[in-house]
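Chemist: Here's the letter readout for the chains.
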Amino acid sequence: MDESIQTVWNEAQTRANEAYYVQRRRITVDPITRLEGHGKIDIFLNEQGEVERAYFQVPELRGFEVFSLGRPAEDMPQITSRICGVCPTAHHMAATKALDDLYRVEPPSPARKIRELVYNTFMLEDHALHVYVLGGPDFIVGPDALPEMRNVLGVIQTVGVDIGKRVIATRRRLRELIAYLGGKVVHPVLGLPGGVAKGIAPEDLPQFQQLAKEALDFALFTLQVFHDVVLKNSAYVDLITSDTYTHRTYYMGLVDEKNRVNFYDGKVRVVSPEGKSTPSSPRRHTWTISPSTWSPGAMSSSVT
Amino acid sequence: MPDKPKIAFYWCASCGGCEESIVDLAEDILEVAQAVDIVFWPVAMDFKRKDVEAMPDGSILATMVNGSIRTSEQEEMAYLLRRKSQILIAYGSCAHTGGVPSLANQFSKEQILRYVYEEAPSVVNEQRVRPQPRHQHNGTAVTLPEFRGLVRSLDQVVEVDYYLPGCPPTPKLLKQAVLTLLSGNLPPKGTVLAPDTALCDQCPRKETKPTDLKINEFKRPHWTQIDPNTCFLAQGIICMGPATRSGCEAQCISGNMPCTGCFGPTSRVRDQGAKILSSLASSVNAREPEDIEKILDGIADPVGTFYRYSLAKSLLRAKVTR
Numbered sequence: 001m002d003e004s005i006q007t008v009w010n011e012a013q014t015r016a017n018e019a020y021y022v023q024r025r026r027i028t029v030d031p032i033t034r035l036e037g038h039g040k041i042d043i044f045l046n047e048q049g050e051v052e053r054a055y056f057q058v059p060e061l062r063g064f065e066v067f068s069l070g071r072p073a074e075d076m077p078q079i080t081s082r083i084c085g086v087c088p089t090a091h092h093m094a095a096t097k098a099l100d101d102l103y104r105v106e107p108p109s110p111a112r113k114i115r116e117l118v119y120n121t122f123m124l125e126d127h128a129l130h131v132y133v134l135g136g137p138d139f140i141v142g143p144d145a146l147p148e149m150r151n152v153l154g155v156i157q158t159v160g161v162d163i164g165k166r167v168i169a170t171r172r173r174l175r176e177l178i179a180y181l182g183g184k185v186v187h188p189v190l191g192l193p194g195g196v197a198k199g200i201a202p203e204d205l206p207q208f209q210q211l212a213k214e215a216l217d218f219a220l221f222t223l224q225v226f227h228d229v230v231l232k233n234s235a236y237v238d239l240i241t242s243d244t245y246t247h248r249t250y251y252m253g254l255v256d257e258k259n260r261v262n263f264y265d266g267k268v269r270v271v272s273p274e275g276k277s278t279p280s281s282p283r284r285h286t287w288t289i290s291p292s293t294w295s296p297g298a299m300s301s302s303v304t
Numbered sequence: 001m002p003d004k005p006k007i008a009f010y011w012c013a014s015c016g017g018c019e020e021s022i023v024d025l026a027e028d029i030l031e032v033a034q035a036v037d038i039v040f041w042p043v044a045m046d047f048k049r050k051d052v053e054a055m056p057d058g059s060i061l062a063t064m065v066n067g068s069i070r071t072s073e074q075e076e077m078a079y080l081l082r083r084k085s086q087i088l089i090a091y092g093s094c095a096h097t098g099g100v101p102s103l104a105n106q107f108s109k110e111q112i113l114r115y116v117y118e119e120a121p122s123v124v125n126e127q128r129v130r131p132q133p134r135h136q137h138n139g140t141a142v143t144l145p146e147f148r149g150l151v152r153s154l155d156q157v158v159e160v161d162y163y164l165p166g167c168p169p170t171p172k173l174l175k176q177a178v179l180t181l182l183s184g185n186l187p188p189k190g191t192v193l194a195p196d197t198a199l200c201d202q203c204p205r206k207e208t209k210p211t212d213l214k215i216n217e218f219k220r221p222h223w224t225q226i227d228p229n230t231c232f233l234a235q236g237i238i239c240m241g242p243a244t245r246s247g248c249e250a251q252c253i254s255g256n257m258p259c260t261g262c263f264g265p266t267s268r269v270r271d272q273g274a275k276i277l278s279s280l281a282s283s284v285n286a287r288e289p290e291d292i293e294k295i296l297d298g299i300a301d302p303v304g305t306f307y308r309y310s311l312a313k314s315l316l317r318a319k320v321t322r
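Top to bottom, those sequences are chains A and B. Mapping to my numbering: the first sequence position 92 is 92, numbers consecutive. Mapping to my numbering: the second sequence position 172 is 172, numbers consecutive.
Hints are computed from structural coordinates only; laboratory data are not their basis. These numbers were taken from a predicted model, which means no experiment stands behind them. Note that CB positions come from ideal geometry on N, CA and C, so glycine has one too. Keep in mind that the hints are not guaranteed to be accurate.
[What the hints assert, rightly or not] Partial pick of chain A residues on the chain B-facing surface, computed with a CB cut under 10 Å:
no. : residue
1   : E60
2   : R62
3   : G253
[Said to hold, decoys possible] With a cut-off of at most 20 Å between alpha-carbon atoms, the simulated PhoX-like pairs for lysine-lysine come out as follows:
no. : chain 1 : residue 1 : chain 2 : residue 2
4   : A       : K198      : B       : K219
5   : A       : K40       : B       : K50
6   : A       : K165      : B       : K172
[Stated by the list, open to error] Far from chain B by the CB rule (all over 10 Å, computed), these chain A residues:
no. : residue
7   : L99
8   : V133
9   : H187
10  : E203
11  : F208
12  : A235
13  : V237
14  : G266
Generate the whole structure from the sequences, applying the supplied hints.
Modeler: Below you can see the structure in the form of structure tokens.
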């Protein structure tokens, strides 16, 4: 081969091989799955095959914090719930409580109890979704399971159709309770400043009391599944307790005066990684925000 | 043994509520899983974008895409799934008419990015760093999509075959749609797969809706004790029922709150907000301009009330700035 052509060929080959190895040392996960939201992960390995750099990219933005400005405060429970359709109740309840603060009103006791009932029911069905559909599949179908198995259908295959049907039925009934009180379960409508839009008819109470008992059984049952399938499997335990997955962190939650958890409201309690808790402080924080600074009117006049 | 038909689900500028409505098929989901192969569903399964790219064109029977189109990545996924699918269904309000995220069309891209990354009260960003579409790393780059200037519905980007309306659609409507798809008896292209009547038709409070509605005052829902048995409009509370397609079984009404319009308009209406405006305006009980103004002043947020889910599909589509 002519020498000049050989040189070009060698250069091109070197560049192509380099590019090939750079690609080989790049792992892309797109999209991330089994959670609410969009994400992309790029991991770059060095020549020794160790992680040199990792990027977590969020390829979405809708701008709720902007397009909510200037809107009636009482619309916020239903608008902010659209931030997330898996946990709309959380946004709805937070916005409703903000309305209580705004108008300086305390909901009457039945309204508070209804809100607590809706919220606790939501916590149960949402956590059930996480265990059986979102994160749980990684922990139930086996630590070396193929990607095709890591989903709710794989979970049902592993635990059996009867258990699968029990999970589905319980979650359905819990969500029907939320829909009873909130109109819809995805994007409920009950929140009003100082109260809720709908009460519980006394004749409907017994079925919900029965559901609460069965839901408690179901929660204990799920703990047992975790025990039997995950904690009894030493491969899983080794994985979970390894450096890769263990995250020593603080915990923060809401508690009542006896330090019992209350998801709807309470005092803030923070617990350190060693298990030490700092004194609980009141929930209320005051933001002083001048309404004129962040209104659409002010914004449009400042855009050139 | 012939392969099962392939179905896919995807989400654009979405909240995941439409995904939940699919899971809310509850026991029926087992039947669906027997009848079809789900080949892409990021909320519940680990298939990746490159798996979709590797599929032959047209090999997916039907893909249901929810969420509106805000970024270039969502446009790419819309084009990709359109190519790979025989039938493309716009699932939910956002894909159908723009949804709540299309309220962002009242703001410019710069206003949004500046507030989100610099001005919001809880943001600390002294360097005023903004997301960049490309970031170099050694010989290669990581990328982020472009944030577009407008939110669009799915059919403003690709050709859509059917629509399932609602925020979210009900599991019942979804089940009907799946059965229709599998039956092969497809309705005309472009059909919205929900009844073509206004919600007032289905509303349990229908009997108390006055034929000759007279509005003296618009009441915000928390200003009054809401009567659980009377038409909202008759109580002076704005309800989007007259301008909204039925099919939802009036769930919000059963929660004792008015309809906010998530099922979009019927087929006879081009602009949902204009439709309700015209209906309410004709009911305002005043003759003198000042009296009319006073009553209309009771509407605190016209765009957010009348176009909450449909700004992207409205005639004006966005805030017009001169």
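Chemist: Would you mind marking each hint as holding or not holding in the structure?
Modeler: Checked hints:
1. At about 7 Å, the closest approach between the beta carbon of E60 (chain A) and any beta carbon in chain B falls short of 10 Å, and the interface hint on this residue holds.
2. Satisfaction of the interface hint for R62 (chain A) is found here, the shortest Cβ-Cβ separation to chain B being roughly 4 Å, below the 10 Å cut-off.
3. Interface hint at G253 (chain A): violated, since its Cβ lies 21 Å from the closest Cβ of chain B, which is beyond the 10 Å cut-off.
4. Using a Cα cut-off of 20 Å, the hinted pair K198 (chain A) and K219 (chain B) holds, with the two alpha carbons roughly 18 Å apart.
5. Taking the CA atoms of K40 (chain A) and K50 (chain B), the gap is near 13 Å; set against the 20 Å cutoff, the hint holds.
6. The hinted pair formed by K165 (chain A) and K172 (chain B) meets the criterion: a straight-line CA distance of about 19 Å does not exceed 20 Å.
7. A cut-off of 10 Å between C-beta atoms contradicts the statement that L99 (chain A) is not in contact with chain B; the least separation is 8 Å.
8. Once the 10 Å rule is applied to beta carbons, V133 (chain A) is inconsistent with being away from chain B; the minimum gap is 6 Å.
9. Non-interface status of H187 (chain A) relative to chain B is broken: a Cβ of that chain comes within 10 Å, the nearest being about 6 Å off.
10. For E203 (chain A), the shortest C-beta to C-beta distance to chain B comes to about 15 Å, beyond the 10 Å cut-off, and the non-interface label holds.
11. Every C-beta of chain B lies more than 10 Å from that of F208 (chain A), the closest at about 16 Å, which supports listing it as non-interface.
12. Distance check for A235 (chain A) against chain B: the nearest CB is about 20 Å away, which clears 10 Å, and the non-interface claim stands.
13. Interface exclusion of V237 (chain A) from chain B stands, the closest Cβ pair being 23 Å apart, more than 10 Å.
14. The claim that G266 (chain A) is not at the interface with chain B holds, since no C-beta of that chain comes within 10 Å of its own (minimum 23 Å).
Of the numbered hints given earlier, the model fails hints 3, 7, 8 and 9; all others are met.
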